[in-house]
Amino acid sequence: MLDIVTPGADAVLSHAEGDLLAKLVKVYAEKRPRNVLRSVYYEGKQPFRDFGIAIPPQIVNQFENVLGWPAKGVNALTDRSVFEGFVSPSGADDPYGVDQIVFENDLRVELPQAQKSSAIHACSFLTVTQGDTGAGEPDVLVMARAADASAALWDRRRRSMSGFLSIVDVDDQGVPSTLVMYTRDAVVSLWKSAGGRWQVDRREHSMGRVTVAPLAFTPELNRPFGHSRISRAAMGITDAALRTLVRAEASAEFYSAPQYWVLGGESSAFAGKDRWSAVMSRIKVLEPNEDGDAPSVQRFSGESPQPHVDLLRMWASAFAGDQGLSLDSLGIVQDNPSSAEAIYAAKEDLIVLTGHANRSWGRGAADAARMAVMLRDGLSEVPEELRDMSAQYTDPALTSPTAKADAFTKLASAIPGFSETEVGLEMAGLTREQIIRFQAERRTSMISSLVERIAASRGGAEEVPSG
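The opening residue of the sequence shown carries number -10 in my numbering; numbering runs sequentially from there.
Hint data in this document are derived by calculation from the structure and do not stem from the laboratory.
Backbone N, C-alpha and C fix where the C-beta goes; we use that ideal spot for every residue, glycine too.
Incorrect hints may appear among the rest.
Okay, the calculated beta carbon distance ranges per label pair [stated by the list, open to error]: (1) Pro36 x Glu209: 41 to 49 Å; (2) Val164 x Arg192: 35 to 43 Å; (3) Asp377 x Gln295: 14 to 22 Å; (4) Arg431 x Asp8: 58 to 66 Å; (5) Ala396 x Asp299: 37 to 45 Å; (6) Val164 x Thr398: 22 to 30 Å.
Capping the alpha-carbon separation at 20 Å, the derived lysine to any residue pairs in SDA-like fashion look like this [claimed, not checked]: (7) Lys12 x Arg232; (8) Lys15 x Trp180; (9) Lys34 x Arg198; (10) Lys34 x Arg186; (11) Lys34 x Met224; (12) Lys20 x Asp158; (13) Lys61 x Ser315; (14) Lys12 x Met224; (15) Lys61 x Met224; (16) Lys61 x Ala394; (17) Lys399 x Leu414.
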């Protein structure tokens, strides 16, 4: 365990805070190796796991190829998760300035990054604290935190976190040197001074909860912080597929350089420099041996790499089944092109899983937005208008412009007035900014048209008919 609770910090922290910090440090030390391992697989830097049986050491030591299937599995899901903004069922036009918080904290950029980190590590977090306006920060600072630099404890009865620790900075040896601990009544910052003692700064709040929102991927009762998209099965299949690629490389070396055996010839003809001449010369002349027998040449070809190609296809099918992907997305070309229905069926699992992930991520994002409003306005309870606020995502089944246009056309023709509603415009594929601009321009056009009709009607009323 990391020894960060020193007398300098213990003199300021209460016993409850010291115990909480010790628990969080223990969680961080236990979970970090697995989180780092999944990051390694996502970046394609996983070590090659060799059985030491069929692959020559020369190839193992020089093999640098990687397999990006884990990254493909993560990106295929997160690319379908498109955050649009926060909406309220009441239809109120952002009475608490949530859009301003989103803009000041650049959440439209950071939230997708936090969601990708959640898919890699099972969970990421959004911390909510008071900003330093003197340093150019917004009033409320919403920051995304990755799980490999964090630790959290879950309270099942309250259905919320009982504590959170963020590793802000580490020293040259990788030991944390700057920490921020979140409790239900304070945000405690700890950092090492030049003398190696821990300094503490505490900022209390009246929220009555940890001001951190988890973004869990596929949470369960026994795993409230979710499961990683890079599962154990995905990592095992990736290792097996990588071994298959290496064996294919070794087989290709032998397959591309067949062996020749000369029976009845003199070995001196192939010694030294003559070996290369014998291999590269197009015309070769061999003299009869001492007994007058003419030498005979036999060729022994290496095994075809096709079995390795078939094995790689098998591992690709296993990985695609585990991740809900199609073989085409993994670079496996099918003999017969898939139909549109077959392509949709292959991605149906991915679409369903993305929808579940959006609901979980959206709950955390909306929770962070509510806490930001409460912290900014000094509130102790959630305003009524914000209780039902939710994060809105694009339908994961309608990611292409053609699919959106087709769905919009069918619904607009079947439901009167659908094309003029915000829901209809969202179905058409317009973003929140485009919808706002469209409605503003439409109101301007309607006002101009109304003024013209009023002016025309007045002009007609002032005309006096001639006798």
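These are the hints, each one checked on the structure:
For Pro36 paired with Glu209, a C-beta distance near 30 Å fails the hint of 41 to 49 Å. A C-beta distance of roughly 25 Å is found between Val164 and Arg192, which places it outside the suggested range of 35 to 43 Å. A hinted range of 14 to 22 Å is violated for the C-beta pair Asp377 and Gln295, which are about 59 Å apart. Between Arg431 and Asp8 the Cβ separation comes to about 59 Å, which falls inside the hinted range of 58 to 66 Å.
Range check, Ala396 to Asp299: Cβ separation about 40 Å, and the 37 to 45 Å hint holds. The beta-carbon spacing between Val164 and Thr398, approximately 60 Å, falls outside the hinted interval of 22 to 30 Å. Among the hinted pairs, Lys12 with Arg232 is inconsistent with the structure: their alpha-carbon atoms are about 40 Å apart, more than 20 Å. A threshold of 20 Å between alpha carbons decides the hint, and for Lys15 with Trp180 the separation of about 18 Å falls inside it, so the pair holds.
A threshold of 20 Å between alpha carbons decides the hint, and for Lys34 with Arg198 the separation of about 39 Å lies outside it, so the pair is violated. Between Lys34 and Arg186 the alpha-carbon distance is near 37 Å, which puts this suggested pair outside the 20 Å criterion. With a CA separation close to 12 Å, the supplied pair Lys34 and Met224 stays within the 20 Å bound. Taking the CA atoms of Lys20 and Asp158, the gap is about 18 Å. The hint holds against a cut of 20 Å.
Of the supplied pair hints, the one linking Lys61 and Ser315 holds, its CA atoms being roughly 11 Å apart against a limit of 20 Å. Restraint check for Lys12 and Met224: not satisfied, since their Cα atoms lie roughly 29 Å apart, outside the 20 Å limit. Pair hint Lys61 plus Met224 holds up; C-alpha atoms about 13 Å apart against a cutoff of 20 Å. Distance hint between Lys61 and Ala394 is unfulfilled; the C-alpha atoms sit about 27 Å from each other, more than 20 Å.
Annotation: proposed proximity of Lys399 to Leu414 holds, straight-line Cα distance about 13 Å (limit 20 Å).
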